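Peer 1: Between the sequences and the hints, there should be enough to build the whole structure, so can you do that?
In the order they appear, the protein sequences are chains C and E. Count along the first sequence from 1, then add 26; that gives the number in my numbering. Count along the second sequence from 1, then add 2; that gives the number in my numbering.
It is worth saying that the hints were derived from the structure and are not from the lab. Keep in mind the model is a prediction, meaning the values are calculated, not measured. Where a beta carbon is used, it is the ideal one built from N, C-alpha and C, also for glycine. Among the clues, some could well be false.
Only part of the chain C face toward chain E is listed, based on derived beta-carbon distances under 8 Å [stated by the list, open to error]:
1. T115
2. S116
3. V127
4. T222
5. Y226
6. Q227
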Amino acid sequence: MEQEGRFDYRHLFICFLLSFTAGLVVASFADFRRFLPALLHGAGVTIQITVLAAVLAVLWALLAGLARLSPLAPLRWLATVYIEIFRGTSALVQLFWLFFVLPHFCVTLDPIPVAVLALSLNIGAYGAEVVRGAILAVPRGQYEAAIALNMTPFTRMRRIILPQAVAAMIPPWGNLFIELLKATALVSLITVSDLTFEAYQLNQATLQTVQIFTLVLVMYLAIALVITFFMRGLERRVARGTGRA
Amino acid sequence: MLFDWEFALEILPQLARAAVITIQATLVGFALAATLGLVLALLRRSRNPWISMLTGGFVEFIRSTPVLIQIFFAFYVFPQFGIVIPAFTAGVLALGIHYAAYCSEVYRAGLEGLPRGQWEAAIALNLSPWRTYRDVIIPQAIPPVVPALGNYLIGMFKETPLLSAIAVVELMQTAKIIGSETFRYLEPITMVGLFFLIMSLISSAGVRRVEWWLETRRG
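Peer 2: The following block contains the structure:
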């Protein structure tokens, strides 16, 4: 999904406080104690999938982003095809494709690996464009200086270009990780018992729709807030490291 | 197991009919998102701090939580208050509100991009706030953000398969129904993927064209 700027932290915090209070008020009317164990279990699965997929997505994004800038044409084409396919189709279609179609090719994966794979490939395709943009944004003089110092292309990338590009990548990656967290809700549709799945089940059993879903939305918001703060901390650390405060 | 072209041709008409529902959902949902988004963007600029704060909080809340749950919420919440609406309406409503939050950020960028002088000139001409917005601000603020809105239109189009979760018989649901009836998932799901791929490649080319046209027009 295309991103417009960054999340406004102040508003995020205010709306978290507001909805947390709303959630507590709502929860006090509901059978809070009966819901909580299932929802916490679901939240655990959601966090697990988010973290695993985030790590893989960064890997795919680096591979595809660097391949798109490669001097070898076939590598560039491969990366372009990957990026266009995964950005051009829906995450749900990709998830269903891996879940329903792969078994026909005698590759049977459990739902959770399928979920992690599909989501990481999807976010990785968006991330590849972030990686490419950040690398291209490193000033040309840096390349020229590295060439003048007789560095090999590998050393140039590892010691000069990437460290500077990483600093520019972090804010867009923060947005992508929140997109990833939101996309994990889809895995409930391939029978993974994540937070959304548990909420759906509880809703079917008790029909306390407003209470359950408000609570769950607040839980997602809380996880998103943790990601936001974590990425902000990371941004500050990397900025210090490369001397751009 | 290989792609069976005969089977693919056989299910094509059924998928084409479902594609119409998908496109309808996208257009209705985006009309809602574009209108409501502008309202949210204007409310967020309100001078009353309560209104702007609450709107800002609402927008961030909607943007940071999964649209699938918002769809479930819309689908299950209305019947509890005795209002029965079709799954299509509930789903489109949820998608529309979700994307309205995104669109409001786009409009906000457009509104903040206007030079201060435009506001000052409107005040100097003694225009009412309503006329300032209608005749001065909006006509200048909207065209530059049309490409960004177009990207969200494509984004929303790609989210419509989520409606299959509340049993709206759109493209994805149709593919799943075909799959469960014939035990052949390869063809229907691949074709749905191709449909989305082709449509989004064409529409992003369209968005780039609009972008180019806007740039040349501005000179």
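Peer 1: Using Cβ atoms only, decide whether T115/C comes closer than 8 Å to chain E, and label the hint accordingly.
Peer 2: holds, 4 Å
Peer 1: Tell me if S116/C is really an interface residue toward chain E, meaning its C-beta lies closer than 8 Å to one of theirs.
Peer 2: Constraint on S116/C satisfied, holds at 4 Å.
Peer 1: Q227/C was flagged as interface toward chain E. Is the shortest Cβ-Cβ separation under 8 Å?
Peer 2: violated, 11 Å
Peer 1: Could you check if T222/C really has its C-beta closer than 8 Å to a C-beta on chain E?
Peer 2: This hint holds: T222/C lies near chain E, its Cβ roughly 6 Å from the closest one there, short of 8 Å.
Peer 1: Identify whether the interface hint at Y226/C stands, where standing means a beta carbon of chain E within less than 8 Å of its own.
Peer 2: Since chain E brings a Cβ to about 6 Å from Y226/C, closer than 8 Å, the hint holds.
Peer 1: A closest beta-carbon separation below 8 Å is what the hint needs, so does V127/C meet it against chain E?
Peer 2: It holds, given that the least Cβ distance between V127/C and chain E is near 5 Å, below 8 Å.
Checked against the numbered hints given earlier, this structure breaks only hint 6.
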